[in-house]
Structure formats: C-alpha cells, structure tokens
Amino acid sequence: MKKSILSKTTAAALGAFLLIAALPGCSGGGAVNTSGNTASADASNPTPAGAAKEPAAAPKSVSITNVSYDPTRELYERYNKLFQEYWLKEKGQEVEITQSHGGSGKQARSVIEGNEADVVTLALEGDVDEIRKAGLIDEGWVKRLDKESAPYTSTIVFLVRKGNPKNIKDWDDIVKSGIEVITPDPKSSGGARWNFLAAWAFSNQQNGGDEEKNKEFMKALYSNVTVLDSGARGSTTTFVENGQGDVLLAWENEAFLSQKEHPGDFEIVTPSLSILAQPSVAVVDANVKKHGTEEVATAYLQYLYSDEAQRLEGQNDYRPSNPDILKEFGDTFDLNIKLVNIDDDFGGWEAATEKFFADGAIFDQIYKR
Amino acid sequence: MSGLKAPFRRRGNNVIPGFGLSMGVTLTMLSLIVLIPLASVLLVLRDYSFAEFWRVVADKQTLATYRISLSCAGIAACVNVVFGVLLAWVITRYKFPGRRILDGLIELPFALPTAVAGIALTTLYSDKGWIGSLFDKIGVKISYTTKGITIAMIFIGIPFVVRSIQPVLEKLDPQYEEAAAVLGAGRAETFFRVVLPELLPAALTGFALAFARSVGEYGSVVFIAGNIPYKTQITPLIIMNKLEQFNYPAATSIALVMIVFSFLVLFGINLLQSKINKIARGS
Amino acid sequence: MRSKTLQIFLILLGVLFVALMLLLPLATVLAYALRQGWRIFAAAITDNYAVKALNLTLLAAGITLVVNTTFGIFAAWAITKFRFRGKQALTTLIDIPFSISPIIAGLVFILIFGRIGWAYPLLEAWKVKIVFAVPGIVLATIFVTFPFVSRALIPLMQSQGSDEEEAAALMGAKGLEIFRKITFPHIKWGLLYGVILCTARALGEFGAVSVVSGHLRGKTNTLPLHVEILFSEFRLTAAFAVASVLVVIAVIILILRNIVEYRLKKEEE
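Just so you know, the protein sequences line up as chains A, B and C, in that order. The first sequence: position 236 = 236 (this note's numbering), numbered continuously. The second sequence: position 240 = 609 (this note's numbering), numbered continuously. The third sequence: position 215 = 867 (this note's numbering), numbered continuously.
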C-alpha cells in the first residue's frame with residue numbers, strides 16, 4: 001500500500017514537472033512571437049525578429065535595444081527617428097530601436113543581470129564601468145568614442161519656484177535652516193551623485209579643502225532634504241507635480257524640461273560653481289556579438305557626434321560636446337559657469353564612489369547620528 | 370506508527386482517492402514556483418560569512434528601516450483591526466441601503482494595482498492634494514512622512530482584516546447576544562464580553578495578515594515614502610538601494626531576514642486559524 | 653432610540669472610512685484622468701504602447717490563472733481531504749508569497765535566471781530567455797498570486813468535511829468522478845471567487861514585475877509599469893488615464909466578485 005502511494009506520488013510529480021517545464025518553453029515561444037510582431041508593427045517592414053541574427057545576408061531590418069536613464073526619454077525619442085532616417089539612407093536598412101528608461105544604476109544592473117542591451121547610454125561613467133566589470137563591455141571603452149564617450153554633457157543647477165521666494169542664489173543659500181531641498185538618493189541615482197559632488201566641490205572651494213568642514217556642509221545640506229527619491233525623475237515629479245520643497249537640485253536639461261512643461265511656474269538658478277556632468281555611452285560588446293548588431297550599434301553611438309545630432313541634443317537642453325555647436329546655444333546655456341570635473345577634482349569615479357558613496361562612506365556618515 | 374513519522378505521508382485510514390496525485394502536484398508546483406526560487410537566495414550567500422551577514426542585517430541604518438517598517442505596519446494593522454471589526458460588524462449585522470456596495474468595495478485594494486494606488490495616495494495626501502491641503506492648514510504633513518507610509522499600509526491591509534472577521538461574525542448567532550442582553554448585560558458589556566472574545570482569534574489573524582503584507586509592500590508605499598535614511602526609509606527600499614549599488618549579497622541578506630520574518634508570522638496565523646476552525650466546528 | 657442612533661453612527665463611521673481610504677484614491681485617478689478632456693484620455697489609452705502593455709498584462713494574467721487554479725484545486729484537495737504530518741507547515745509555505753515583499757519575489761527570479769543566476773548557462777544553451785522577457789513576467793505574476801485560489805478553497809472544503817466523498821469512494825467511484833460530481837458543485841462559487849481575486853491581483857502586480865521586466869517599451873512593459881513610465885514622463889494625465897483603465901477593470905472584477913459571493917451565500921442557505 002505504502003509503496004504504491006509513493007510511486008503514484010513520483011508519477012504525479014513527474015507529470016507536474018513536465019507541465020511546468022513546458023510552461024516557460026511555450027511562453028518563451030510567445031516572447032519570440034511578440035518581438036516579431038513588434039518588429040513588423042514598428043518598422044512597417046514585416047521581417048521575423050530572427051533576421052537580425054544573420055548579418056551575412058544584409059537583412060532588410062535590424063533591431064537594437066538602448067538601455068538609458070530617466071531624463072533622456074525625450075532626447076532619444078527624437079534621436080531614434082533621426083538615426084533611423086540616416087541609417088536607411090546610408091545602408092538601406094530599417095532599424096527598430098527599443099528604449100528602456102529608469103534610474104541609471106538600476107538600468108546598469110538590469111544589463112548585468114541579463115537585459116540584453118546593445119547600447120547603454122547612462123548617467124555616469126561609473127555605471128557603465130560596472131557593466132565592464134561584469135565582463136560585458138571590453139576594457140578601454142572610455143577611449144573608444146570621442147570626448148571620453150560623452151557625446152553630450154550637462155551640469156547641475158537649481159530649480160526654484162516662481163519669483164525665487166527664498167532668494168536662493170548659490171550653494172550656501174540652500175544649507176540655511178528652513179530651506180527644503182529635493183534631490184534623489186546618491187545610493188541609487190546617478191544624477192544625485194553629480195549633485196552631491198557639485199555641492200562638495202563648492203564647499204571645498206569655500207573651506208580651502210578642509211574635509212571636516214565639507215562634511216559639516218553636506219550634513220547641513222542633507223538635513224534640509226525632505227524627500228530622497230530613488231531616481232532623478234522621481235525627484236522632479238516630487239518637486240514639480242506634488243509641490244514639495246523650495247529648491248530642486250537637478251540636471252540642467254531636466255530643469256529646462258520642467259520649465260517647458262510648466263511655463264512661468266519655475267526659475268532656473270545657476271550656482272557660482274557646478275560640475276561637468278558627463279553621461280557616458282557604450283556599445284555592450286558581449287550582446288552585440290550575440291545579436292550580430294555590432295556595426296549598427298557602433299554607428300548609433302557615433303552618429304550622436306554628428307552635427308545634426310549635436311544640434312538635436314542642444315535643442316533637448318543637453319550641452320553638445322562639439323564646442324562650435326555649443327556656441328550656437330549660447331543663449332540657452334550659461335557658458336560662464338565654473339565647472340569642476342570628475343577626473344581632475346575627484347580622481348575619477350572609482351575613487352569618488354569609494355570615498356563618498358560606498359556603504360559606510362561619507363554619504364552614510366552624514367546621516368549617522 | 371513510529372515508521373510513519375516522515376512528513377507529508379498520509380495518516381489514518383481514509384478511503385478517498387487521489388492523495389498521491391494531489392500531494393504530488395502540490396509539492397512539485399510549490400517547490401518549483403516558491404521553494405526552489407526562495408532557496409536560490411541562500412545560494413547567493415554561499416561566499417558570505419556569518420559576520421558579514423550580521424554586519425549588513427544589523428547595521429544601524431538597516432535596523433532603522435526595520436523599526437520604521439514594523440512600527441508603521443503595526444500602527445496600520447491596529448487601525449485596520451478597529452475599522453475592520455467595525456466594517457465587518459456593520460456589513461453583517463445591519464441592513465441599510467448600499468450595504469452590498471460597501472461590502473464589495475472592501476476588496477478594492479486587492480484589485481487596484483499597487484502602483485496606481487501609490488500614485489493616487491501620494492497625490493491625494495501631498496500638501497497640494499485634496500486631503501493633504503486640509504491637513505497642511507493645521508501644519509500636518511502626510512505624504513513623504515511616516516504618516517503617509519502608514520496610510521498606504523492601512524489602504525492595502527484593510528481587506529485582510531474585514532475578510533478574516535466577517536465569516537466568524539456571520540456564524541456567530543445574534544441570539545447569543547440577545548440572550549446576554551436579556552440577562553441584563555449592557556450593550557458595551559455584551560460586545561466586550563460576548564462578541565469580542567469570539568472575534569479575537571479572527572481579528573488576530575487579520576492583524577497578522579495585514580501586518581505581514583504591509584511590512585513587505587512596495588508598489589503603493591514607495592511613492593509616498595520620503596526615503597530619508599533613519600526617518601522614512603522602509604526595508605524594501607533599502608533592499609532596492611543595496612541592489613542598485615550592485616551589492617547582491619547585502620540585498621539578499623536583508624531579503625532573507627524579511628522572508629524568515631514573514632514565514633514566522635504566517636506560521637503563527639495558520640496555527641491560529643486551525644484553532645478558529647476547531648472552535649467554529651465545535652460550537 | 654439609543655440603539656438606532658448607535659447603529660447609524662457605526663454605519664456612518666464605516667462608510668466614512670471606506671469613502672476616505674478606498675473611494676477617494678479611486679476618484680482621484682478618474683478625476684485626473686479626465687481633467688484635460690476626453691480626447692487626451694482616448695489618445696492615452698489607445699496609444700500603441702498602452703495597447704501592447706494591456707495585451708501583455710492580459711496574457712500574463714491568463715497564464716497565471718490557469719497555473720494557480722490547477723495548483724489551488726490539487727492543494728486544497730490534498731490539505732482538506734487527508735490527514736498528514738506537516739500540514740501546518742505546508743499551508744504556511746503555500747502562503748509565503750502573500751507576505752513576501754514583491755521586490756524579493758522579483759529578485760529571486762533574477763538570482764536564478766539572470767546572467768548572475770545558476771540556471772543562466774542552461775538557458776543560454778537552450779536559447780531561452782526568462783527574465784527581461786515575457787516568461788519572467790509571467791513567472792513573477794504567478795509567484796505573487798500563488799496562494800489565492802487555494803486560500804479561497806481550503807476553508808470552504810474544510811467546513812464541508814469529506815463524508816460525502818468517503819461514501820462515494822466506498823461505493824467505488826473514481827477520484828475524478830468524485831471530484832466532478834460531489835466536490836465541484838459545492839466549491840464552484842468559492843473557486844470562482846478565488847479565481848477572480850487572483851485575476852485582479854495578477855492584473856495589477858507592480859513590484860515583482862518591475863524587477864524582472866527590464867522596462868523594454870512595447871515588449872516587456874505591463875500596464876501598471878506603463879502607468880509608472882507615463883508618470884515619470886511628466887504625462888500625468890496620460891498616466892492617470894491608463895491607470896483608470898486598470899481601475900475600471902478592477903471595478904468590474906469587484907462587481908463580479910460581489911455577484912459570486914451573493915450566489916455563494918445563497919447556495920449555503
């Protein structure tokens with residue numbers, strides 16, 4: 001009796017296992033189908049998704065995935081159209097580009113975990129470098145493209161409410177008591193790290209390099225922070241839509257965008273000193289080899305440096321890296337702002353992360369009681 | 370009998386067929402979908418010493434998140450028990466227009482996507498929102514404070530309490546209460562001495578379920594929590610934070626603490642519930 | 653009469669609580685969705701990405717439903733019709749997904765099927781993608797809603813006892829026959845109730861799915877994720893418009909639930 005029950009159990013277990021095993025399999029098939037549909041719907045050129053894997057036959061269409069960070073949504077929406085036209089003219093090939101946006105660190109992590117991006121366009125070099133450490137991007141990627149792989153740059157500015165009621169002019173105004181500051185969490189947000197470092201650089205200049213005083217300054221700053229969202233976009237929404245805080249520390253482009261969305265409600269204040277924020281782009285070598293998309297992915301990033309693309313970046317409030325085109329936008333950007341940079345003033349991202357943002361480092365210390 | 374000590378082996382003689390099959394399917398699916406995935410968490414920690422594990426899970430900032438998560442969830446569950454008993458009572462004992470609609474609305478937090486609930490609550494309770502602006506006038510901030518977290522937790526926890534208590538209340542014969550009243554007990558006395566003791570196990574189950582769910586909740590809480598370390602950072606957010614620093618072992622360590630915690634809470638609930646069942650069948 | 657006053661007071665208190673805590677968030681969603689008029693509302697919900705997200709959400713919920721219902725019936729049968737050691741532990745294990753943080757639920761699948769996971773080499777060899785693809789979203793949804801059906805069935809079948817089934821078995825009926833002719837008629841409304849709640853939760857799952865999704869537009873975005881995306885694109889009205897689609901589905905489900913419950917109670921009497 002006992003024996004027969006046992007064997008029945010085993011049989012049933014086996015049956016159920018097959019059922020489950022079949023499930024991912026069949027929904028895996030579903031996934032292929034879905035992407036096939038996407039390709040035909042978007043590129044208006046019905047080709048099976050698998051076509052991308054046969055570079056030899058020069059397929060009619062190819063698809064790549066761009067994993068990016070939050071504030072670039074509007075930029076890449078436009079840039080993708082520009083690139084699609086360019087590539088069609090150049091190679092006679094349709095490109096389908098799938099976008100993914102989120103906090104920069106989160107996006108880097110998803111690529112490391114197996115989100116098969118062909119290119120990454122993230123908020124900072126450190127995040128792209130994590131992907132290199134995971135073995136997906138080759139060594140020396142920073143030098144593969146011009147300008148340290150940063151086709152456009154930005155900086156950190158203040159966004160304040162109309163009329164600047166708290167009279168905020170510079171970094172030392174936002175550490176005063178009674179000012180509510182909105183900035184994201186440097187532990188999870190790339191933009192937040194630029195914010196932190198810019199503030200530190202200001203304090204360092206004021207206090208002649210006294211680390212203890214810098215820590216005091218940062219402590220005062222972060223005790224004014226009322227909401228520490230996990231991403232830059234979250235902070236902007238908190239400040240703009242939900243009306244929190246007196247000042248938002250924001251990417252310059254994000255600040256411009258908020259102004260465009262809500263004309264007349266906000267003002268941009270440029271502090272006396274800020275940081276040159278260089279969002280980094282890279283081809284994810286392991287993935288493009290797997291997909292056979294090396295050529296188009298590389299071209300996708302290189303085209304970011306073309307005059308048309310540089311102008312588009314300027315129109316989307318990123319500072320073009322080409323100095324001539326940057327000058328065309330002299331009315332938009334405050335070109336006189338003093339900018340420190342990560343390599344010269346902080347010894348690169350590795351050192352900065354270690355010193356400021358690692359567990360137990362300065363950012364954690366300023367919150368310790 | 371001593372040979373039959375192994376778990377999941379049937380006991381007693383029972384003529385109903387299908388034990389092997391149903392147990393087989395149950396255990397297999399449970400293992401594949403829940404147990405093996407959860408065990409994989411341990412695999413990530415294989416290179417982690419206990420000292421490292423402890424340093425992460427007992428870190429000051431992590432401890433603060435437990436405190437915030439647990440206290441908000443605790444307060445929310447208490448509020449839910451009070452209003453849960455009230456709602457269950459009103460729905461089962463009174464007849465009034467709209468009773469069935471009220472009854473139907475209880476499950477709204479189940480059905481409403483957590484992210485939608487989170488965004489809606491944040492908008493509603495921020496100092497620009499309909500409710501938040503009223504509280505702002507008396508100087509109380511709700512969104513981005515622990516009050517906001519608690520409110521989101523009340524929102525997601527309420528159905529658990531009402532639905533735990535309702536069946537017990539339905540089974541509890543009103544005659545019982547009437548008898549007490551006839552014997553001269555006051556209304557309050559009847560409620561506290563006759564009804565409440567009967568409801569207690571169910572209320573506790575509801576409390577524990579709402580509590581366990583609130584502690585782990587992410588979608589609806591993340592929008593309304595300010596994420597300030599030591600002040601409004603909840604445990605799921607610090608797990609997210611560790612992940613974003615590519616620190617998988619640290620994230621999994623804290624996750625493990627939460628898993629063990631929810632297992633213990635649930636185990637307690639199930640013990641309670643089998644007790645309730647015995648009472649329900651006994652009386 | 654004092655008793656009447658108390659009754660009205662209690663009812664009002666209950667209604668007020670529900671209105672404030674549950675109805676107002678719902679109303680907020682709808683009010684924001686329509687604040688810029690119907691045209692923007694319609695544009696938002698017929699947007700290509702929104703429709704794709706809806707399809708994916710429905711697909712995930714559909715598969716989840718089949719898997720969890722199968723499991724729920726077998727588990728409830730095993731647990732309520734037999735006595736065995738470890739029953740308490742088994743019920744608890746089944747309930748775990750109820751109270752586990754959705755973040756953890758998503759994380760465990762990353763830790764298995766992600767590039768850092770132990771099953772990844774195998775998946776590579778088979779050319780199957782699980783996380784950051786549709787199967788991962790389905791799996792995460794199944795995990796989160798795993799106990800719903802069994803939780804609805806177990807108390808019901810427990811209170812019914814197993815005398816009838818035993819009698820049938822003694823008369824020589826086969827397992828499937830017993831289930832179909834004796835058990836099923838008793839539990840069908842309860843089963844439907846569980847299925848409905850499971851669907852509701854599956855449609856709305858956010859946390860776990862967000863971890864395994866990769867947010868690929870038009871490919872791995874479910875409707876709740878699409879809401880979040882619109883929200884972070886400053887398209888607040890569109891976000892609430894899409895959210896209101898989910899709200900409407902939720903309300904329809906609640907109405908269904910209510911009908912089912914009504915039938916359930918009638919049957920009991």
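Hints are computed from structural coordinates only; laboratory data are not their basis. For clarity, every value in this text was computed on a predicted model and none was experimentally measured. A couple of the hints might just be wrong.
Stated by the list, open to error - Each computed DSSO-like pair below joins lysine-lysine, with the alpha-carbon atoms no more than 30 Å apart:
hint : chain 1 : residue 1 : chain 2 : residue 2
1    : B       : Lys516    : A       : Lys219
2    : B       : Lys429    : A       : Lys166
3    : C       : Lys917    : B       : Lys540
4    : B       : Lys510    : B       : Lys429
5    : B       : Lys540    : C       : Lys833
6    : A       : Lys368    : B       : Lys429
7    : A       : Lys219    : B       : Lys510
8    : A       : Lys368    : A       : Lys162
Unchecked claim - So the derived list for chain B, only partly shown, Cβ under 10 Å to chain A, looks like this:
hint : residue
9    : Val426
10   : Thr491
11   : Trp499
12   : Ile500
13   : Leu503
14   : Glu539
15   : Lys540
16   : Leu541
17   : Ala594
Every residue, glycine too, gets a C-beta built ideally from N, C-alpha and C.
Each hint, compared with the structure:
1. Lys516/B / Lys219/A: 25 Å, holds
2. Lys429/B / Lys166/A: Not satisfied, since the Cα-Cα distance of roughly 35 Å exceeds 30 Å.
3. Lys917/C / Lys540/B: 12 Å, holds
4. Lys510/B / Lys429/B: 26 Å, holds
5. Lys540/B / Lys833/C: At roughly 27 Å apart (the allowed maximum being 30 Å), Lys833/C and Lys540/B satisfy the hint.
6. Lys368/A / Lys429/B: Measuring from Cα to Cα gives roughly 8 Å; hence the hint holds.
7. Lys219/A / Lys510/B: Roughly 23 Å between the alpha carbons, so the hint for Lys219/A and Lys510/B holds.
8. Lys368/A / Lys162/A: 35 Å, violated
9. Val426: 13 Å, violated
10. Thr491: 6 Å, holds
11. Trp499: Interface hint status for Trp499/B: violated (13 Å vs cutoff 10 Å).
12. Ile500: Ile500/B check fails; min Cβ-Cβ to chain A is 13 Å, beyond 10 Å.
13. Leu503: Leu503/B check fails; min Cβ-Cβ to chain A is 15 Å, beyond 10 Å.
14. Glu539: 36 Å, violated
15. Lys540: Status violated, d = 36 Å.
16. Leu541: 40 Å, violated
17. Ala594: 9 Å, holds
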